[in-house]
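Engineer: Given the sequences, and given the hints that come with them, work out the whole structure.
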Amino acid sequence: MDEVAKNPFLCILENSFFSLYKSLFNSKSIVLLPISQSLINIDITKKFIEQHILTETSIKNNFINNKGQIVELINDTFVTSFGFNNHSVCNIIKRIKIPHGNNYVEAYLIDSHLLVSNNTELTYLQYNIEDDIEVIIQRWSKDNEEFGKFFINYLNRFKNTFVLVPGYESETSNIISNITDRSIKLLLVDKKDYSEQFKRKLVEICLNYSYYYLHDLLWGYLVKSYSTKEDIIQSRISKMRNELNLNLSLLIFENRHEVSNINILPSVELLHQMEMTRLPLKKLNYLEKAILINNSSSEPESVSLLVLALVVGNVRNAIEHYSLMKFYLQSLNENSKSLYLLESAISFLIS
1 MDEVAKNPFL
11 CILENSFFSL
21 YKSLFNSKSI
31 VLLPISQSLI
41 NIDITKKFIE
51 QHILTETSIK
61 NNFINNKGQI
71 VELINDTFVT
81 SFGFNNHSVC
91 NIIKRIKIPH
101 GNNYVEAYLI
111 DSHLLVSNNT
121 ELTYLQYNIE
131 DDIEVIIQRW
141 SKDNEEFGKF
151 FINYLNRFKN
161 TFVLVPGYES
171 ETSNIISNIT
181 DRSIKLLLVD
191 KKDYSEQFKR
201 KLVEICLNYS
211 YYYLHDLLWG
221 YLVKSYSTKE
231 DIIQSRISKM
241 RNELNLNLSL
251 LIFENRHEVS
261 NINILPSVEL
271 LHQMEMTRLP
281 LKKLNYLEKA
291 ILINNSSSEP
301 ESVSLLVLAL
311 VVGNVRNAIE
321 HYSLMKFYLQ
331 SLNENSKSLY
341 LLESAISFLI
351 S
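Going by our numbering, the sequence shown opens with residue 1, and the numbers climb by one from there.
In short, the hints are calculated from the structure, not lab data. Some clues are possibly wrong.
Computed list of lysine-lysine pairs in DSBU-like fashion (alpha-carbon distance at most 30 Å, straight line) [as the list claims (entries may be wrong)]: (1) 22 with 94; (2) 28 with 60; (3) 199 with 159; (4) 337 with 97; (5) 337 with 47; (6) 97 with 22; (7) 229 with 185; (8) 97 with 142; (9) 326 with 224; (10) 185 with 60; (11) 6 with 94; (12) 22 with 67; (13) 6 with 97; (14) 60 with 326; (15) 185 with 149; (16) 6 with 47; (17) 337 with 22; (18) 60 with 22; (19) 185 with 239; (20) 22 with 46; (21) 142 with 185; (22) 67 with 337; (23) 47 with 67; (24) 337 with 229; (25) 46 with 60; (26) 239 with 28; (27) 239 with 60; (28) 199 with 337; (29) 224 with 199; (30) 239 with 229; (31) 46 with 97; (32) 199 with 67; (33) 224 with 239; (34) 149 with 326; (35) 28 with 47.
Structural biologist: Below, the structure is given as structure tokens:
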């Protein structure tokens, strides 16, 4: 327990940022506590600390830190993901509880911090996926011309010849996933035994680029396919906005929420950011944060507040954004509770 009691990370958190420290014990946060040795010559700032305070997301073994970055739990390691400029693999030493009065916060003692680059495979991963998706693929294509030609040629073939048919959306996501998988094999031509974390990161980057590259095609199809439902949703949103202006309350799922007592604007802003990005992973991240920021106590309340945010923000094309994120998750063969909550909110607006 000495390692925990005398850990500089924990000491600075408690002594210099006490309000943040105290808030941990009234939340569902998880703290990643780097061992003391890994913190030598490290400037332990508030930002550094917040990057190691995690909240579980609706995607299994995925966490979001206080700075909006994603950390994955893979076997007995925490791995940096979306939002980080580095790729770090931190091994779990043990799971602990940090006490404070009668409360405690769950924590993991880890062998290094999240901002260290400790993987020799990082030459492929020097850029931030949310800012540099085109730069990443251009660099890989320059280093490996066979990969670049194959990847872009097949994406262009898909764009120029593929016809999207209603009811066969899963086939579309499978084809995009297949193009990505075959392209990645060309990147790994040396047959080296790469880590699963590294291969997953390649898939994540290439899939996001695929959906970014094909966005206009997919978006045009979705807008055309869902135009009738979108008209219904916008009509309902317009009506509900008028009701909000009249009585400052919104009745959803038999839960009346007084708008004057809710700061829904941060959630609205995150949904607008979701609207603007073409990267499905970034869309999911914004949606996740828009839901988490409301600190809902139940699933119905989460849906209710999400509907409120959609109405107050006058968000357009929610069903198309939902479908695009669903395409992406089908390509990964994954699910998302946040996407399920958005589906429920859309269903309410259509009903």
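Engineer: Taking the numbered hints from earlier one at a time, note which ones the structure violates and give those numbers from smallest to largest.
Structural biologist: 7, 8, 19, 26, 27, 29
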